[in-house]
Amino acid sequence: MSGISTENYIEEAKRGISNPVLQRALAGLQDRFGRGTAEAYRRLPEGPDLRLKAHEIRETAIANLDVLLEILADKIRSNGGNVYFAETAQAAVDYCLAVARRNNVRRVVKGKSMVTEEISLNPALEAAGIEVVETDLGEYIVQLAAETPSHIIAPAVHKNRHEIADLFVRKLGIRRTTDPPELTQAARKALREKFLAADMGTSGVNMACAETGHITTVSNEGNIRMATTMPRVHVAFMGMERIVARLDEYEIILRLLCRGAAAQTMGTYASYIGGPRHVGESDGPDEFHLVIIDNGRSRILADPQFREMLYCIRCAACLNVCPVYAKIGGHAYGFAYSGPVGAVVTPLLTGINRAKDLFRGETLCGACMDACSMNIDLPRMLLALREKLAYGDPQWQVEPASRSEGLAYRGWSWFIRSRRAYELGLKLAAAGQRLLPRKNGMLRRLPPPLNGWTRSRDLHPLADETFIARWRRTRKS
Amino acid sequence: MTTPDQIEFVRRIRSALGHAPDIPRGVGHLFAAGPSTEDVRLLEAVRRRTAAERQALLEGLAAAARPINLNVTALPDSAYATTAIVRLVAAKTPEWGDAKQIAAWRHPLIDRLSLPEALDRLHVPVHVTAPIPTEADPGFDRIERERQRAGIIASFVGVTSADFCLADTATLVMRNRPGQPRSVALVPSIHIAVIHLDQILTDMKELFALLRWDEHCRPEGLSNYMSFISGPSKTADIEATMVHGAHGPREVHLFVITG
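As they're listed, the protein sequences go chains D and L.
In case it helps, our numbering puts the first sequence at residues 1 to 477.
In case it helps, our numbering puts the second sequence at residues 1001 to 1259.
Just so you know, these hints were derived from the structure itself, not from any lab.
If you're wondering where the values come from, they're calculated on a predicted model, not measured in any experiment.
From the three backbone atoms N, C-alpha and C, an ideal C-beta is built for every residue, glycine too.
A hint or two may mislead.
If you only want the chain L side, here are some residues facing chain D, beta carbon under 8 angstroms, derived [to be verified]:
hint : residue
1    : F1031
2    : K1092
3    : R1149
4    : L1211
5    : F1228
6    : T1235
7    : A1240
Stretches of chain L that chain D covers, calculated by requiring three or more beta carbons in the stretch to come under 8 angstroms of a beta carbon on chain D [said to hold, decoys possible]:
hint : stretch
8    : 1103-1110
9    : 1217-1225
10   : 1241-1248
Can you make the complete structure from the sequences, with help from the hints?
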């Protein structure tokens, strides 16, 4: 992903809705994972309430983030690893480039990581003349097609087997096949060469544990294990919030991560990485670097209204139940993070005004919170963002979205509290609505400036008698 | 060894949390000085496990292994394991190239299988991954590692043991050490793991209690790279169709020696 395109939300959403391939894929995805995850939570020995416990664990970890990160850094350094604290995306990218230069890196294999999408690592490495290969099958497909991932866990969910077949014929020169096992085998073969020839592997971090001094990565494919085992150098990128204090706490987070992400009891591979290859060992990288990234997170941390967003472990369970994501797909969100998590975290990271359509587009139905493996109150934060947009907020540099809207609501507020004006208004409206076009007893169109309400739906006309008038009448009789 | 980037970074977090920037804060409340009553219960459960309970764990493991296509076979002794491995090597065809070679850990349990001798009959060479001599000069060290890496890449079967196996999720747990490279369980197309019945634990809770508090496990801790492996590599990235063998092994066979 290069850059931010949250401004194109409406346009991209329309494109998503009119794409039949995407609509089928999204329906299938939600049907499988949405229900599967809920069932997986129910089957936990502790039941779905384990999510409340996880929420507490994350709350404690975030409240002690300063000390936990320092303990992690000390342990990794004493185990032979390097730790760099990056305030900005640019600092993280520059550090990685410096490591690459020092080690004469020509080829990089990447394990799937959303934070490297956030900091736009790929374009920077490519600009430095380094070949970068995404190795998660979905990410690889998306990279070959020069697109961006549309789902955190299923990056290529928007492409069907025919599109992938055409892509592989063009890019890998294989004989055309639409058989998923054969297509997977073609990618396996191409990527095996890349893994064995790469000088550097990069990865994200699912969760770090301060007590043991390890980062962990989880995958089903084994690509992250390859990327962190075969090349000479491993650089791991971690959002600063991805840490818990103890191993027993980590155990709960890992179980919920696997269930939230793919309704699994355990991902195929979980790797606990504490440092580089030790003396006497034959494999593993010569150098291990952990890059801990702020990039706007400390501002979220400082605001008690949004601190809860840092409990998120990016499992993507909320995408798999969100009725809005189900229709518009991931590209509309215009940044590394899509769905309900994107609707909250993207505005906080990239600018609330700029990304306003993301949180205005969500329905506040609450499905995301029920699905959230960390039980994060996303609807509350969606509302808080809307409030910031309505009234403005100097701390977040938010301009009120529309002054005329504010005025209109103030007028409306006066209107509905003034009995006489309200009744007069209703009478006028009841008389006026006779002039409006109807179908099956419904109003088809309101006149401007209210026509937005009827652009995509019909309205019930006003009743002949108001409720209060009727109540007065029937009580008397 | 605190770097300037770290000092600034941590100071920013402290101020965001409303703490004084330069006063160190206690961490005692975040960590445990000793095992909790739950930890003690878990450690006791592992220590006092009866033969019948071990058998039940094996059955639980086999049940958890089925849906993830991990093949679990119980064998009475290591001679059976040797036979089973020879049979697999004879029956399977290599994925990349024609020559059959295999890689195997230097590990007491695997050494006992005498795989080089057993596979000699099939003319299948075995790359045994001996620890890299620590006193060797750096040049020799590199050559030796390159040689081992080439052997593992050329192998279509990798034979390892494991530290533990978690019955609940059919998860092999391996800690990195000299002579037991993780790539043997990763790069070859078929992974064979051989463990003993008493290495089966119930779940992650037991494992973590051992790693944190057991006097034998605690010194090594998680090592610098601990792996959880639950079945063969898989992906569902093309139209949600499950395919085994995305990058890691396409097949995983677990032999549990019960004798």
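For each hint, the structure was consulted:
1. F1031: Holds, about 6 angstroms.
2. K1092: violated (16 angstroms)
3. R1149: holds (7 angstroms)
4. L1211: holds (7 angstroms)
5. F1228: holds (4 angstroms)
6. T1235: holds (5 angstroms)
7. A1240: At about 6 angstroms, which falls below the 8 angstroms cut-off, the nearest Cβ of chain D leaves the hint on A1240/L intact, so it holds.
8. 1103-1110: Since three or more residues must qualify, the claim that chain D covers the stretch 1103-1110 of chain L is violated, with 0 doing so at under 8 angstroms.
9. 1217-1225: holds (count 5)
10. 1241-1248: n = 6 at 8 angstroms, threshold three: holds.
Comparing the model with each earlier hint shows violations of hints 2, 8; every other hint is respected.
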